[in-house]
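Peer 1: Protein chains in written order, with numbering that gives the first Met the number 0: chain E, 0 to 516; chain H, 0 to 370.
Derived by calculation from the structure, the hints in this document are not laboratory data.
Here a beta-carbon is modelled for each residue, glycine too, at the ideal position from N, C-alpha and C.
Relax, there's no trap hidden among the hints.
Here are some chain H residues pointing at chain E (derived, C-beta under 7 Å):
| no. | residue |
| --- | --- |
| 1 | SER220 |
| 2 | SER227 |
| 3 | TYR229 |
| 4 | GLY292 |
Pairs of lysine-lysine residues, derived as DSS-like cross-links and limited to a Cα-Cα distance of at most 25 Å, are as follows:
| no. | chain 1 | residue 1 | chain 2 | residue 2 |
| --- | --- | --- | --- | --- |
| 5 | E | LYS359 | E | LYS62 |
| 6 | E | LYS62 | H | LYS343 |
| 7 | E | LYS389 | H | LYS237 |
| 8 | H | LYS343 | E | LYS415 |
| 9 | E | LYS359 | H | LYS236 |
| 10 | E | LYS359 | H | LYS237 |
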Amino acid sequence: MPGPTAPDGDFMPDSSRDIVVMKGIDKSFPGVHALQNVDFSLATGEIHALVGENGAGKSTLIKILTGVDRADRGTIEVDGKTVSIRNPLHAQEMGISTVYQEVNLCPNLTVAENILIGRQPSRLGSVDWNSLNKRAAEYLRELDVDIDVTRTLGSYSVAIQQMAAIARALVISNAKVLILDEPTSSLTQHETDQLFKVMRKLKSEGIAIVFITHFLDQVYGVTDRVTVLRNGTLVGTYETNSLSRLELIRLMLGRSITDLDDMTAHKIESSLHISAETLIEAKELGLSNSVDPFDLKLHAGEVVGLAGLLGSGRTEVANLLFGVDRPDSGQLVMDGKVVDDFSPAASIERGVALCPEDRKVEGIVGDLTVRENIVLALQARQGWFRRIGKKRQMEIADRYIKLLNISTPTADQQVKNLSGGNQQKVILARWLAAHPKLLILDEPTRGIDVGTKADIQKLVLSLAEEGTSCVFISSELDEVLRTSHRIVVMRDREKVMEFSGKVDEKEIMQAIAGSES
Amino acid sequence: MKGNRRIWARLTDSMLFLPTVALLLMLLVDAIFRPGFFTLEFKDGHLYGNLIDILVHGSPTMILAMGMTLVIATGGVDLSVGAVMAISASVAAIMMNPTIVGMNLADPKLFINNPQYTWMPLPLVIIVPLIVATLCGLWNGVLVSYGRIQPMVATLVLMIAGRGIAQLITNAIQIIIFNDTYAFIGNGYIVFPFALYVALALFVVAWLIAWRTPIGLFVQSVGINFRSSYYSGIDEKKVKLFAYAFCGFCAGIAGLIVTSNIRTSDANQIGLNSELDAILAVVIGGTLLGAGGRFSLMGSAIGALVLQTMITSTLSFGVPASAITAVKALVVIAVVLLYAEQVKNFTRGLGNISIPGFRGRGGSTLEEVAQ
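Same shape as in the complex, but just chain H (with noise of 0.2 Å):
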């Protein structure tokens, strides 16, 4: 039995049993209640059913989270995330499609209903935005380690300002993107949704930068002690530099997918709340908010895969999609509850009481002593 406790000690002090186990108690209710909800149909070379639906859907939060989760393990968080993403939408959209906006640089009869237009090539179309939303990134670091100002302060800033940014690119116009080529990043199916090999290509990213370059030790290091840090010579500013500018990439990214979607750069709509789902992923995801320190990308993964199972199910249940933030609520309370330091000694303490009759590792206690 000794060995099966251990066993089970280290399951559940891994970063991952919990998001884990919450992940599959859903499934577990939905596979219950909701016959058919596993259903997979092929169809035409794609896959459909729910199971696709939260991979795809899930996507944009989980590419938020990888560079998310770097930033709140150097005991920061990103709140300009989601304006970030209206920004590099709007600066693709502008890029695909600019005479909307007052410029008279092609005739309209060249695009609308042409399915190829594009005013700039769309490799540009695609790395400009990304440059764009890196900047944004690396202004939200130069505020917090250069500027000294509390994160939640300095990428408030952003946050506030971001949409507005994004309303001027596109002069508070929705562009309409008709480019079949470019639609396919967010729509686009390769049996799986293309987006979903979007998010595993950054995931792998953000792994090897994280764990085969030394990135990951400075990230958490600095996180938890960064006068420590600075003391054995990390320079502690340039790793939140590059934790919040690999954030801004990110968020250029899921920017990119979500205007993709739903074919128009929207700067009102394009990620809104999404900083929040991010947030929320890395917690689940069991990355301390606010003390940083050690993180996993794949907890953060699987939170943001969390969320978006919730979200379906819930909706599947017939719950209106604009409830959805209540039930959001509750998984904040349950994070919160799950990571006391309490309930992680009960579930720790579960591996020693498996066999009824038999007494734990505790051994008797004061009082029993005393009676």
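Chain E extracted, bound-state conformation (with noise of 0.2 Å):
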């Protein structure tokens, strides 16, 4: 193992280019100690890579600097002069400007009004459309982005409609720095791509990019330096070229990952336990505008991967088989039986359950507790008249707590102030809570931390070892092969290949890309 390879937490390459010094920040919330006397600098001109588990304090630090909550301590100076961010607003005046994880625009308008929303150009006090589409065609163009501004913006794929919360960041404060925070979680590896091209373009103009991602490729893509954060400290900031992945992941994780190759070894002892018996057939299932129809078995206690790009009709294949849509060709069969009712009713009482891709849209229930939250599927399969007494519900998410290592003050706690890692186990929680017989997630580790990955990973194949079958999406290929007794390859929403014994990385990810690579 190589040591840090800085100096921790004082390496400035030159500190006369600082645009922003946060210096000893200090944030507490009800129950957490979010941030602990953390420095944090970034130049002009650079691309600053800013990683950490979930709850490390990244959301944090960024919200005071954007002047969305204020710390308890530690001063903040932007442009050499210390500063006391008010909001938002004040923060965007001083020139930092922030794009999120989710698109916070208005799809139902324009691409040329969401652009220049509250800067329109106006003419005689009425607004200058002429000139403003013009200018809104004009940013994009700067950013490389050719397309026709006066369609509305809910039109356009998510990396478009990024690139236009860029232009809109850029636009209303001139910005000086841009906080990119995960931008690249729903994006294409050919969309990343061109969000890397316009920063890298806008960094050669002076501007200071923050860039939150847990992508340790796209660190070493991009960035010229890496903040690590950790449990609310600082871990230090490093050149990132300087630095070993194994290292950044060792720093990250305050902890080796041998834990990872273990996995090895624990899915070749699952597959032991693979039943011959068949749990769930697809036959020629399919549904017109959504996916062609496709064959897929599973037996009790195996794991499918379903491997593929975004868009590729592995979300599809999760809510045919969940009965969120109901197929429009061939037939599934469960248990020997023919299914014919579909929703996700149904399919709970059938013992399939589905953790989805979107946490926040499709998952949690925020307001609700976390106790409420994991007793919610098995209460609605439960029926309207035998609820689960509270004092059941609490034994239930107490042990799902300590099984999942959910971390979460009590279980009356609302789930919406736990962080993202801790949300999806609640999720994967009221799932187990439920006893699935199949048990599908779709992308359950997205935007989660290494080691809540792991957990996950495990999880998965201890299940399977029990017996149940999981069907298992995922954008990372690596963790589709460690955790997938077989693995299927969708492209442009059909089933292209499916793979099981000895698999080749190569292979698949030819697979994936299809026939012009």
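Mind docking these for me? Both chains are given alone in their own frames, and the hints should help you get the complex.
Peer 2: So this is what it looks like as structure tokens:
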């Protein structure tokens, strides 16, 4: 294990170029000491990665820098002047702009309106639409995006929406500092590359960029420096190139990741438990405009990985198996019976569970407590008359909080106050509590720290050993490889390949990419 | 002090905090400026007094608020409860006395000044209007959940049509109610006014339905995030259907009480603007209009009392009854202000500054460090 390649905390390439210097930042929320004495500095013309597990304090630090929250202690200097950032608007006035993970623009307005709203050019007191559209198009062209800006934002892909958000961030504040909060989590590889090009261009214009991501590839692909946070404390700031990947992971976790290698053994062992009985079988199951007819068979205790790019039809397969969508061709057979009732409620009754892709929209019920979130599916399955008593709810919640190591002060904490990774665990707990025979996990590790990822992967294999089948969907190929006994590759809404036994990563990549590569 | 502070924080975070404080404040004002406001008289086995007036006149709103709470918690609203009250009243009246509508079913001599007369047996006179009202609620629920129409628009249909339907039922005639037993519902006393017992019973029923079955959890879950609820296997449509049907049922009861109280079926007046009172009571009680989610039946009940206390006190100050709506508007403004996040933070913070000279939990701020 190589030692740290730079002294902790005090690495500064050229402090005269620092545009933002945060010193001794401290912040507590009820029950959580989110940041303890954290220093952070940002130089003009650099791309600076901010990494750490969930709950490390990245979001809190950013919120303080953008004026959403205020620090309990510590100073912030912008451009050499000590400032107190009152609110997001104030931050923008100082040239600090943020693009959040979820694009928070208005999808029903045009792209141009979204970019320039609040700064619209006017003529004789009314909006000058021609010049508005022209200016918006120019801003986008500067980012190498050439689209019709008079169409509504919602009609474009998330990537384009992301670009529009960046354009807006640059326009409204004449930004000197641009904060990108996990902008790539829903982008394809190509779109990510495009974003990186834009980032490098902005960097060359002297803009300082803070880049938050969970993908290590991206940290190495585009950033100059990296600041690592862990449990609310600063681990250090390093030059990206001088830090090995393994070392970076070690810094983030504070422990070695040999655990991950144990997975292989675990997987081989669990494959011995796969039963010969078919649990669920899809025969030519399909839905027009969603996914082409496919065959899929799952045995009890088997983990099938669904690999493929975003939009390749992975989620659509999950939705058909779980009954969110009703197929218009083929049939689904479970436990030897043809399924004719397609709805989540009926699927749960059959013993199928889906951990959906979009945690915020389809997963958590934010205002409810951790306990209520965990018992929700079980209660729905029990029906309207057999209420699970409070004591029993407590027992169930406590058991899964312990089992999945969910960090929450109490089971009666509202789930919206938990970090993303812990929210994901709560949703997992919800499904585990319902004891499904088939668990479908759609991107269960997206936006989740490395440690939790390993936990979830291990959990999947333990479940398989106990006889639960699992469909594991992920954009990260190595994760699919690590957990799945069999891998199905989706491309362009079609099942293109199925791998079992010993598989070669390269072959799968080729299958995912298609013939042209 | 730390313990006190925590108790204060828990108190102010409770949904019941603001409505209870509002109620106590109003009673305090009455106690100071209206000596005799709290006087209770015991006459002929009945209790009389302003407090009793508040309870009896507040009962219909309290009853409506029970159903409205569930509807609002699902993220909806029911504008038709006033009209449904009128329908329920008309149905009950016509079942007791159909003659006036031109159906020659009975000799007028039978019922004029006959305090026992009713065409249909009384249990039916109670049950049928409640069934009709529940059906009205179901209709709203179908439009909202299966028709996917905005609740505001969907229930507007029945709000407008309802009074017309009520008029059609009674042929646009106000039917006078002679039956004394029926009139007991809205006028009778068993020490306390009978209507109060009805309201209490309904509160208990609503509470049991909400918290002794999973329905309360489902309603909140659907209101907070209907997609997550759907993915968790909750039939979100049925949950909404139930909430609206229950709301209709409550409106039916309120209609019976009012028509019994005034001993006539006045389809133009019964339940007029009641939907607004009910919504206001629920909002005072801390359930979020529009957003839905967490709800408190007790809060809504207190909310109804706050509203009625305000009306009764204002009247006792000599403000003409016709000006009451202006005072209600003040309540609306007060509610909007009190539930603003800033004010909530302020009340929460009050726990910290109880000892002058000591710093609160905020510690030093950025500016102070900078200096």
